[in-house]
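Line by line, the protein sequences give chains A and B.
For the first sequence, our numbering begins at 1 and goes up steadily by one.
For the second sequence, our numbering begins at 1 and goes up steadily by one.
Honestly, the hints are just simulated from the structure, not real lab data.
Please read these numbers as outputs of a predicted model, since none were measured by experiment.
There may be inaccurate statements among the hints.
[What the hints assert, rightly or not] Restricting the straight-line Cα-Cα distance to at most 30 Å, the calculated cross-link-like pairs of lysine-lysine (DSSO-like) are: (1) Lys-235/A x Lys-207/A; (2) Lys-86/A x Lys-163/B; (3) Lys-121/B x Lys-69/B; (4) Lys-202/B x Lys-192/B; (5) Lys-235/A x Lys-304/A; (6) Lys-199/B x Lys-86/A; (7) Lys-135/B x Lys-205/A; (8) Lys-42/B x Lys-41/A; (9) Lys-192/B x Lys-86/A; (10) Lys-102/B x Lys-207/A; (11) Lys-205/A x Lys-126/B; (12) Lys-207/A x Lys-171/B; (13) Lys-207/A x Lys-146/B; (14) Lys-226/B x Lys-34/B; (15) Lys-205/A x Lys-82/B; (16) Lys-226/B x Lys-149/B; (17) Lys-234/B x Lys-207/A; (18) Lys-81/B x Lys-126/B; (19) Lys-228/B x Lys-202/B; (20) Lys-121/B x Lys-205/A; (21) Lys-196/B x Lys-62/B; (22) Lys-102/B x Lys-69/B; (23) Lys-199/B x Lys-145/B; (24) Lys-42/B x Lys-102/B; (25) Lys-207/A x Lys-199/B; (26) Lys-196/B x Lys-113/A; (27) Lys-2/B x Lys-102/B; (28) Lys-202/B x Lys-207/A; (29) Lys-205/A x Lys-2/B.
Here is what each chain is made of, one letter per residue.
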Amino acid sequence: MVNKIDMSVDLNGLVLNNPVTVASGTFGFGREYGEYIDLNKIGAIAVKGLTLEERQGNPTPRVVETPMGMLNSVGLQNPGVDYFIKEELPYLSSYDTKIIANINGNTIYEYCKLAEKLSNTAVDALELNISCPNVKEGGVAFGRDPDMVYKVTKKVKENTDKYLIVKLSPNVADIKEIGASAESGGANCLSLINTLIGMGIDIEKQKPILARGIGGLSGPAVKPVAVRMVYEVSKAVNIPIIGMGGIMNYQDAVEFFLAGAWTVAVGTANFVNPMVSIEILEGIEEYLKRKGYSSIKALVGQLKF
Amino acid sequence: MKNRCYCKILDNIEIAPSIHKIEMERVDGLGNIKPGQFLHIKCSDALLLRRPISISYAEKDKVGIVVRKAGEGTVSLCNRKKGEILDVLGPLGNGFTVNDGKRVIVIGGGIGTAPLLELVKNLEEKDVTVLVGYKDMPYLVDDFKKYVKVVDVATEDGSVGYKGYVTDLLKAKLENDGADIIYSCGPEVMLKKVQKIAKEYKVKVQLSIEERMACGVGACLVCTCKVKSEDGVKQVRTCKDGPVFWGDEVMLGE
Numbered sequence: 001m002v003n004k005i006d007m008s009v010d011l012n013g014l015v016l017n018n019p020v021t022v023a024s025g026t027f028g029f030g031r032e033y034g035e036y037i038d039l040n041k042i043g044a045i046a047v048k049g050l051t052l053e054e055r056q057g058n059p060t061p062r063v064v065e066t067p068m069g070m071l072n073s074v075g076l077q078n079p080g081v082d083y084f085i086k087e088e089l090p091y092l093s094s095y096d097t098k099i100i101a102n103i104n105g106n107t108i109y110e111y112c113k114l115a116e117k118l119s120n121t122a123v124d125a126l127e128l129n130i131s132c133p134n135v136k137e138g139g140v141a142f143g144r145d146p147d148m149v150y151k152v153t154k155k156v157k158e159n160t161d162k163y164l165i166v167k168l169s170p171n172v173a174d175i176k177e178i179g180a181s182a183e184s185g186g187a188n189c190l191s192l193i194n195t196l197i198g199m200g201i202d203i204e205k206q207k208p209i210l211a212r213g214i215g216g217l218s219g220p221a222v223k224p225v226a227v228r229m230v231y232e233v234s235k236a237v238n239i240p241i242i243g244m245g246g247i248m249n250y251q252d253a254v255e256f257f258l259a260g261a262w263t264v265a266v267g268t269a270n271f272v273n274p275m276v277s278i279e280i281l282e283g284i285e286e287y288l289k290r291k292g293y294s295s296i297k298a299l300v301g302q303l304k305f
Numbered sequence: 001m002k003n004r005c006y007c008k009i010l011d012n013i014e015i016a017p018s019i020h021k022i023e024m025e026r027v028d029g030l031g032n033i034k035p036g037q038f039l040h041i042k043c044s045d046a047l048l049l050r051r052p053i054s055i056s057y058a059e060k061d062k063v064g065i066v067v068r069k070a071g072e073g074t075v076s077l078c079n080r081k082k083g084e085i086l087d088v089l090g091p092l093g094n095g096f097t098v099n100d101g102k103r104v105i106v107i108g109g110g111i112g113t114a115p116l117l118e119l120v121k122n123l124e125e126k127d128v129t130v131l132v133g134y135k136d137m138p139y140l141v142d143d144f145k146k147y148v149k150v151v152d153v154a155t156e157d158g159s160v161g162y163k164g165y166v167t168d169l170l171k172a173k174l175e176n177d178g179a180d181i182i183y184s185c186g187p188e189v190m191l192k193k194v195q196k197i198a199k200e201y202k203v204k205v206q207l208s209i210e211e212r213m214a215c216g217v218g219a220c221l222v223c224t225c226k227v228k229s230e231d232g233v234k235q236v237r238t239c240k241d242g243p244v245f246w247g248d249e250v251m252l253g254e
């Protein structure tokens, strides 16, 4: 029986107090959930996706309930990177948790500019979002093309000293290839998956429910796809993976670790239960104790066939 | 720290076709409740997201909501039985500002009359007129009458009270007696009309609006709406910055 479990994770240079983080777009800039949980207790916070300029996002309705999931089409509404640095970062920096700035550009130039602006700030890592399905330009269009993924990763890496995470889209034919491209471009880490593209239709009005028609599917419904992709990519690359997609409880998180994730991110579940990330962390610790592991590291990739 | 609450259902009755009044235990976690705030309720295990439901009234040991069966979530909620436990977040959002003005008009439409009950309870010592409108069968009218003498009812089919829209009653009331402030909740088309009439008669107005939500706490940006600000138009969150807004600021359906 082990008493003290080492929950820290060294993602080859980015050290987290523990392996439970929250996914971009599901946690704002931390303030709202700070009313429900001690933000010091989560490993990292990936902030709401940032763009160079303030962005209004898509018209409402922006959300649809689906069987064990949700479709969203927020469209990267955010106050812009400068506002984030000035008004939101100081608040987040007061906590003992790593800060991941999720960045979104329409062009490689914009991604580089965002990386530059964030380079001399208290942000701990950048997460290159090349997989947002809810914007017309950039977004998933970048994430689908292995050459483009390589190029944008390499260029951004040249423009920053920050630890670089590349977030992969599941809306591709071969995610292993995309992961490998990001790795060769210089990514320090990969995060996956972003949302799956979906649609919901109001049969009475015979119109799409989301104002923009299509949106990104998340929640428990996408978990098997995410676990499979984490498993596949972990075999294809030598850099760490942050696994996410429908994690609702510690059992879901453990699946991701077994599949090869070094760290997990809780997303949609935050909307249902603001305290869920802490509950998941506690559940993982109990599981490790029960199974006789002395650290979370020891669980990564332990899937048996 | 705020927390999730587990509230036992004390009563669930159908007060009009497809309209349920659900009373639940007021557990300590629910804390202070301001009129116009809402609860974010997990309606069933088969649905992922919570649903925002306005608080209709709060008493020392119980909280009441009035729900219209509209979609899967509200149908599930209305089917919950007495004795079952509800998983609740709240109270959430900003409610009505109650200290403005002496002569008050409270105007509600349909299920939008529900949150106005707690408001009216908090308007003691003021000169209050309640105007409520329904398609056909009215509900909650007797509840309003417990707190205020003048409750005028309008129905679209004329089955009870004035035949027509409740906004016609508002116009007549302002024309005859005027008012210092108007509070309103109801369908968007009605709120737009109330907003317009209030502007015409130069009376302050607070509107409680509705938008689809996911998190309910201000993080997901799903329920964005627009308000006028000094430097143009600002996007705010219906859940955290609302659901009650000043009528001269909020831009409805834009």
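Which numbered hints are broken by the structure, listed smallest first? 1, 2, 6, 9, 10, 11, 12, 13, 15, 16, 18, 20, 21, 22, 24, 25, 26, 27, 28, 29
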